[in-house]
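Colleague: Letter by letter, the chains look like this.
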Amino acid sequence: MITAAVQEREHYLNASYGIKSWLLTKDHKRIGLLYLATITLFFFLGGAFATLIRIELLTPQGDLVSSETYNKLFTMHGVTMIFFFLIPSIPATLGNFFLPMMIGARDLAFPRLNLLSWYLLVVGGLFSLFAMLAGGVDTGWTFYTPYSTSYSNTWVIATAVGIFIAGFSSILTGLNFIVTIHRMRAPGMTWFRMPLFVWAHYATSLIQVLGTPVLAVTLLLVLCERLFHIGIFDPALGGDPVLFQHLFWFYSHPAVYIMILPAMGVVSEIISTFSRKPIFGYGFVAFSSVSIAVLGFLVWGHHMFVSTQSVYAGMVFSFLSYFVAIPSAIKVFNWTATLYKGSISFATPMLYAFGFIGLFTMGGLTGLFLACLGIDVHVTDTYFVVAHFHYIMVGGAIMGFLGGLHFWWPKMTGRMYPEGWAKLSALTIFLGFNLTFFPQFILGYLGMPRRYHVYPEEFQVLHVLSTAGASVLAVGYMIPMIYLIWSLRYGQIAVANPWGATGLEWKTASPPPLHNFDETPIVTHEAYDYTTVMEEVIEVG
Amino acid sequence: MANQAHEETLALREQFDTEAQQKDASTLGMWIFLVTEIMFFGGMFLAYTIYRSTYPEIFAVCSSSLNVYIGAANTVVLLCSSFTMVLAVRSAQLGRQRAIVFNLILTLALGFVFLGVKAYEWNEKFVEHHIPGPGFHFEGIAQQGPAQLFFSLYFAMTGLHALHMLIGGGILTWLIIRTKQGAFTAEYMTPVDVAGLYWHFVDIIWIFLFPLLYLIDRHLK
Ligand code: HEM
Ligand SMILES: [Cu+2]
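Those protein sequences? They're chains A and B, same order as listed. Position 263 of the first sequence, counting from 1, maps to 263 under this note's numbering, and the rest follow consecutively. Position 75 of the second sequence, counting from 1, maps to 75 under this note's numbering, and the rest follow consecutively.
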């Protein structure tokens with residue numbers, strides 16, 4: 001019935017046409033797609049830098065690029081991937097699109113602010129892009145002083161301005177989400193009926209709102225130091241460069257949770273849907289998101305175990321870092337318990353969710369290694385750290401992003417993606433990922449420092465494996481890019497609820513009408529109540 | 001309940017169901033924004049705290065070179081501007097358009113008086129070579145570095161505050177224009193209300209800056 005109507009029915013995509021209707025849109029769904037296009041570009045840009053890095057590392061000598069260029073490559077890779085891809089990735093695309101729908105709202109509380117946030121990201125991105133084209137920047141994504149303030153002769157200012165501006169995009173998105181969750185829930189949508197995706201975004205928004213301003217002021221001080229000789233971090237004046245590190249990590253550790261929490265929210269939705277069971281321990285999972293957000297603000301010192309921090313401070317930060325593992329583990333255990341006796345199907349989103357659980361667990365556990373003072377002194381600034389955070393950010397966050405993208409693709413576009421290709425690419429990504437990053441744990445343990453492009457002969461085998469894995473990974477990322485675009489035209493028409501999922505977003509047509517719902521929904525059930533959905537869903541897939 | 005029933009107005013945008021909901025949302029949004037501002041200024045206050053506790057004497061000596069009387073007078077100016085802002089909000093609640101405009105203009109004027117005085121003070125620093133950089137010199141102190149740190153913080157903090165005043169001035173100007181166009185009524189005056197919150201916040205920041213920058217030598221005497 002819906003299948004036949006889809007051509008004529010008005011929805012958010014055909015309600016208006018033309019460039020202007022997109023660039024001036026206030027519709028959270030369209031803004032979500034604008035973000036999607038933007039961050040995809042940045043993802044492939046960051047990927048290009050990574051490719052060059054991996055090719056250089058094929059041989060122990062520096063033969064492709066000079067040391068200076070290599071420094072720029074890993075800096076621009078990090079800056080692009082973290083600030084312009086991962087931070088906005090899930091919240092600004094899937095969150096923007098689905099958060100209002102999941103709570104039964106017509107839009108976010110501040111649609112114009114939402115559009116402004118996108119423009120800020122674009123403008124910030126252009127600044128950084130300009131810096132990259134003009135000659136690049138070589139400080140590392142961490143901008144440590146005094147190198148970034150006094151010594152680097154590269155485009156620090158333009159890059160930092162870009163990140164500063166993009167930071168406000170992130171702040172305003174978080175603000176918008178918090179107000180929306182507080183004030184825009186549909187009748188009957190109580191806090192404890194909200195999908196866990198929404199809880200995860202609530203926690204993420206708290207971090208965005210509380211953490212990002214600190215990064216902003218820190219970058220501002222770096223800028224002032226470079227531009228006006230205001231020497232807040234300058235040791236020559238008696239200032240303290242380590243203060244910069246404190247301020248930077250006060251944001252940047254919580255920021256890793258900006259990247260991972262939304263992915264956890266996605267995984268909760270997928271696991272529940274494809275095992276047809278409510279999430280085990282819903283309340284625990286919801287609160288674990290919030291407690292990760294809170295605890296995440298107390299552990300920044302684990303990035304500074306070897307930079308003049310006192311042993312006592314180190315011990316406290318070490319202990320607190322172990323503590324964050326608890327809410328993270330709660331999630332993993334509860335997902336696993338949800339699967340127990342579930343009726344599991346292995347659709348693509350579920351494959352990504354499984355990938356997420358496995359790789360996030362690896363990343364989290366190696367995080368505990370690093371949080372242990374003695375081990376960290378041995379492996380800090382080695383490839384072990386590089387492997388650790390890539391397991392979480394690439395293995396975790398990007399898996400979550402791709403899983404969510406596949407899960408909601410039918411809703412966003414009204415088309416199904418080709419399942420066979422999708423499964424193939426999910427598998428390719430999983431294998432390619434492990435081949436790329438697992439050798440890096442060993443490399444790091446053996447003593448290969450990060451950020452070097454010349455290395456002893458004996459490390460070559462592992463580096464070659466890693467580069468080989470990266471090529472597989474690259475293919476894995478290209479495949480979805482192609483078939484998702486292909487599906488826009490040739491994909492099977494999607495029904496309203498192809499997965500038999502429970503969220504409100506599935507109770508409206510695919511793609512959704514301009515104002516999301518024809519009637520404001522009235523919520524009478526807990527989240528993940530499959531008994532009611534089974535009655536409603538007639539045709540599946 | 002039909003979904004897209006209502007016409008969009010300023011007081012009731014299409015994403016909201018009721019005026020009260022919209023007002024609530026705007027106010028909450030501004031409060032959250034102010035929290036982000038606290039974190040933003042917080043970074044500088046942290047740096048200040050650390051350096052002042054590292055170099056207490058030098059900070060006190062440098063602080064005493066600032067003109068307390070001018071600073072105090074400026075504080076009074078800013079407090080008065082907060083008062084006129086409150087009057088503007090009250091007039092808006094009562095729907096008195098001309099009173100809104102009058103009080104907003106007064107607030108704006110006081111804001112500019114503050115900035116004028118600030119500019120005068122900064123200029124004094126130029127004359128005295130108290131601008132951080134190669135030309136910096138502070139009489140009678142052996143360690144020039146920490147003295148520069150004090151003035152770095154002085155300029156960073158008052159500069160950031162002044163920037164917020166300028167933004168506030170822009171908001172006030174916009175409000176004045178909109179009020180003259182008759183945008184606000186007793187029923188719909190959220191922008192005035194919310195701008196008021198912002199203005200008071202900027203004011204409060206100064207209430208912290210003034211003692212921290214101007215008065216610390218008194219604490220040691
Ligand atoms: C949950 C998502 C997580 C992400 C995205 C993440 C990301 C990162 C990143 C980016 C770094 C490297 C910083 C740098 O030096 O440039 C890092 C280092 C570190 N991570 Fe994680 N991490 C996560 C979870 C954890 C957990 C759960 C722990 C411990 C309980 C942990 C402990 C550490 C430690 C101790 C370091 C410092 C290593 C060093 O430089 O010596 N991380 N992490
Ligand atoms: Cu961390």
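Don't read these hints as lab results, they were simulated from the structure. Some clues are possibly wrong.
[To be verified] Not close to chain A: a few residues of chain B, all C-beta gaps over 10 Å, as computed:
#1 Ile32
#2 Met39
#3 Ala73
[What the hints assert, rightly or not] Below, in silico cross-link-like pairs of lysine to aspartate or glutamate (EDC-like), each with a Cα-Cα straight-line distance of 16 Å or less:
#4 Lys26/A - Glu14/B
#5 Lys26/A - Glu139/B
#6 Lys507/A - Asp529/A
#7 Lys277/A - Glu10/A
#8 Lys23/B - Asp193/B
#9 Lys118/B - Glu139/B
Glycine included, C-beta positions come from ideal geometry on N, C-alpha and C.
Colleague: Now, for every hint given, state plainly whether the structure supports it.
Modeller: Hints versus structure:
The claim that Ile32/B lies off the interface is violated: its Cβ sits roughly 5 Å from the closest Cβ of chain A, which falls inside the 10 Å cut-off. Residue-level check failed: Met39/B sits 4 Å from the nearest beta carbon of chain A, not beyond 10 Å. Ala73/B, annotated as away from the interface, keeps every beta carbon of chain A farther than 10 Å; the closest lies near 26 Å. Taken as a hint, the Lys26/A and Glu14/B pair is honoured in the structure, with Cα atoms around 11 Å apart against an allowance of 16 Å.
Taking the CA atoms of Lys26/A and Glu139/B, the gap is near 58 Å; set against the 16 Å cutoff, the hint is violated. Among the hinted pairs, Lys507/A with Asp529/A is consistent with the structure: their alpha-carbon atoms are about 13 Å apart, no more than 16 Å. About 34 Å separates the Cα atoms of Lys277/A and Glu10/A, which puts this hinted pair outside 16 Å; it is violated. Distance check on the hinted pair: Lys23/B and Asp193/B sit about 10 Å apart at the alpha-carbon level, within 16 Å; holds.
At most 16 Å may separate the alpha-carbon atoms for a hinted pair to count; Lys118/B and Glu139/B exceed this at roughly 23 Å.
Violated hints, listed in ascending order, are 1, 2, 5, 7, 9; each of the other numbered hints is respected by the structure.
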